[in-house]
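K.L.:
One line per chain: the protein sequences are V and S, in this order. Residue numbering for the first sequence is 982 to 1160, as defined by my numbering. Residue numbering for the second sequence is 13 to 822, as defined by my numbering.
A hint or two may mislead.
Distance windows between CB atoms, simulated [claimed, not checked]:
1) S/Ser321 x V/Lys1083: 47 to 53 Å
2) S/Lys603 x V/Asn1118: 52 to 58 Å
3) V/Pro1009 x S/Val317: 34 to 40 Å
By construction, these hints were calculated from the structure, which means they are not laboratory data. This one's a predicted model, so the numbers in the text were calculated from it and none came from an experiment. Ideal placement from N, C-alpha and C gives every residue a C-beta, glycine not left out.
Each chain, written out:
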Amino acid sequence: MTKGRIELGEVTQHNIKQLKRLNQVVFPVTYNDKFYKDVLEVGELAKLAYYNDIVVGAVCCRIDTSENQRRLYIMTLGCLAPYRRLNIGTVMLRHVLDVCEKDGNIDSVFLHVQVNNEGAIKFYEKHGFTIADEKKNYYKRIEPADAFVVQKCFKGDRVAGSSESSIVPSSDGKLNQYS
Amino acid sequence: MPSKNPLPPKENAFFKRILKCYEQKQYKNGLKFAKQILANPKFAEHGETMAMKGLTLNCLGKKEEAYDFVRRGLRNDLTSHVCWHVYGLLQRSDRKYDEAIKCYRNALKWDKDNLQILRDLSLLQIQMRDIEGYRETRYQLLALRPGQRASWIGYAMAYHLLKDYDMCLKILEEFRKTQTPKNFDYEHSELLLYQNMVMQEAGMYQEAMEHFRMYDKQIVDKLYIQETLASLCFQMGQPERAAEIYKSLISRNPENWSYYQKYEHSMGLEGESEERLRLYSEVLEKHPRASMPKSLPLTFITGDVFHKSIDEFLKKALRKGQYLFVSIKSLYRDPCKVQIIEDLVLSYVKNLKEVGKFDSNGEVESITVLLWTYYFLAQHFDHLKNVEKALEYINLGLEHTPLLIELYVLKAKIYKHAGDTGKAVEMMDEAQSLDTADRCINSKCAKYMLRANQIQEAADMCSKFTREGISAVENLNEMQCMWFQTESAFAYKRLGKWGEALKKCHEIDRHFTEIIEDQFDFHTYCMRKMTLRSYVGLLRLEDSLRGHAFFSKIALLAAEIYLHLHDHPLTEGDNDGDLNSENLTPSELKKIKRKQRKAQKKAELEREKQKLEQEKRDQNKNKTTDGELDGPKEEELIPDKLARVEDPLEQAIYFLKPLQTLSANCIDVHVKAYEIYSRKGKLLLMLQSIKRGVAADRSDPHFHICLIHFLQYVKEKGELVEPTKTVIEQEMKKIYEGQTALQLNTDFLSRNMGSLPHRLAGARMMYKLDNSKQKEAISLATTLESEINGVTIKVLFYLTGYTFLFLQVL
């Protein structure tokens, strides 16, 4: 029986280094200074996850306005290894989805997942996400370099059909600006 | 007697306006009116007007002119009480209290019943602790204003401070009878409690208890009554009653450990008795969530009972996280208990890693429990000085959860204890960077930097939280942040920058002077608010203020530095901090000196810039306010001047003097005092330090060296003059009991073979008394067997220094 309190907290200039450290440990990709500068501006779209008052996870998103749609892009979402399977990921994802609902004008949520990351794929599928596309050589310095585009749409009829053809594969496009 | 030159109605009206303006702080207007009077040729030298003008100028910060006018005014009108009063006020604003008292007394000569002057005088007298004078003045005030509460209280308090309890109580009782208290009258309650406090101090315990009984309804501080009654019962030999009261206090607040202690004391409970445990189990029944009754028994139970209890205790605490080690630190005095704890916790780690439980028959624990267990073990091994294991566990913790800031803080601490100040700073810096809103960690980081002699970096670290616009160091001085200044002083000393270190010591000394000054306003305030017990407590605190550890620490440091400067005075060319100038070639020396000059110039420019900014800010400030006076401007402390002072020993004595009486139990004080007086050759003062040292801690190794030194010194002095001779002989008989230096030293060594500092001291003396014993002395000091205690980095440092000296002679 796991007894733990899960809470989400703000990212501020005072604790930004904790976010950096977390991302360094959890993800195989490094993010540059501009990433962290922008994170401080997105408000509710970036959160630290606390388990029993210790920072163990984080989520960072941004609004993406490419392709004539207003979509939420999840840039990072993860937590430290010992703390997985404790519901922390779900809490963070639910928060993101809540933000979308409150916003009202967001068409869908999407993100990139490395093709071999089965755990992540299962996690998102459990929450109603589907694999919409595959990007070859999306990642620059890790293997496998390919990524799935995983998404969940909100306004069903509007986006149906246009989602698959509208994602333009681009290795240096806006979606990759932080790698 | 009024002034000898009374003013006609028109001018008198102006004069009255001046007084009003002064009271209302409208200084510019006051000056205008003064001008009007003095412009009239008939009154151009009117004493009282000139005096008031001076006083007004003083409030505007124009001190020189102020004094000038006041003095001239006084000269023109020596029999005017106003002039004397004003002169007294001027002296007071410059903190020249003794002078001020004289002026007030003069003023009273010419106007003996002037209430204002009497009040001012009484304040000064209590400030300077002239209690006899205070009592007289208070009497006069009482005679003049018997209707005022403060008159009675002040008069009674004077007797209290003079320890004439009977008089004091008589007066208080008379006064109390005149009072009609309302419901929940806090001030009346405080009066009664003050009365009771005087009774207790007079040893009238029975009367004090009666007093409580009589006035129970009127006293609002019920807790104080209970606590005091309990201790009085115990002192009057009624322990059962005391125990009863303590029991009721425990049920009022089961977390106050002193109640448990006093209960056990009254019932005579010791050791591991059933009865003793019963108390705690009873309390736990009534208050199952109290933590004291669970942790206190751990200190006295042993064996299996301990094992069971500590097992439960540890598990509960580890589930909560964090403060486990701190709460059971007191148990570490017992090595058996330490072993039990270690075994238990190591078993937890094993089980948690394998099955996620504490032990085989428990529940699965939360993932953070393992983390806190690692944290606890790191602290545990750090306390036992096992650096390797401590680092092992802290690193395990960091691997598990690299974002827990406490882990970095603890790792830094472990490095600090192991002596690696550089790595400690690195870790602390890492910790503070993770949460830059946490001032506590920021301060800790600054402290670690100072320990590593990184003084500028420490100041920069602190500046993240200090006020904008001025340098961190200055702001911390303003805020009387003594820990920073103390650590800086020690850092400068380690770097050999004597002047800078002394500057910090003087700054802290000034803080203490300020704290003593600051009590001035409380004399009226506390009388008015009737918080009499606290007020007397404040007076007593101020009386022994310099006995505080914050002062004694830097006082001893200052004395040490001044002693060093006396023995090795700085020469003309010496730049503060040139520790290694002998080891450099001339060209290297030149390069370093050039660099130093450049750095100095840069620092100068910085200082100038900051000064200009400060002046600009001051100017702006002055434009808005009318110049509040904060007391006299103090002389700036210049490090170089401080280091080259002519009489370093006198300066050292200035710092040590209060400690000799207020910190008489501290052996270091007497050792330092001895070293100072021996350099001055003041035989009787040396003897005084020896006597005090004997009373404090005769077996201290440094003091032992002084004892031997004194014996030799007196021997070498030869024949002494009477009456010194008799005094010395008598006292020395008592202290040395006829032993020779050699006997004393051998005795000392045989008693203290197990402690390295003592062996070192004994070895030094062995060599000093008999040069031929050099080899023996060295081997005595340098053998480091495992049974020897006191092997710390500091002692080893001294040891290598001395051995080097010994070997040089070879």
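K.L.:
Indicate, hint by hint, whether the structure satisfies it.
P.N.:
Hint by hint, here is what the structure shows:
Between S/Ser321 and V/Lys1083 the CB atoms are about 52 Å apart, so this pair conforms to the stated range of 47 to 53 Å. Between S/Lys603 and V/Asn1118 the Cβ separation comes to about 57 Å, which falls inside the hinted range of 52 to 58 Å. Look at V/Pro1009 against S/Val317: about 53 Å separates their beta carbons, and that is not inside 34 to 40 Å.
Hint compliance for this structure: hint 3 is the single one not met.
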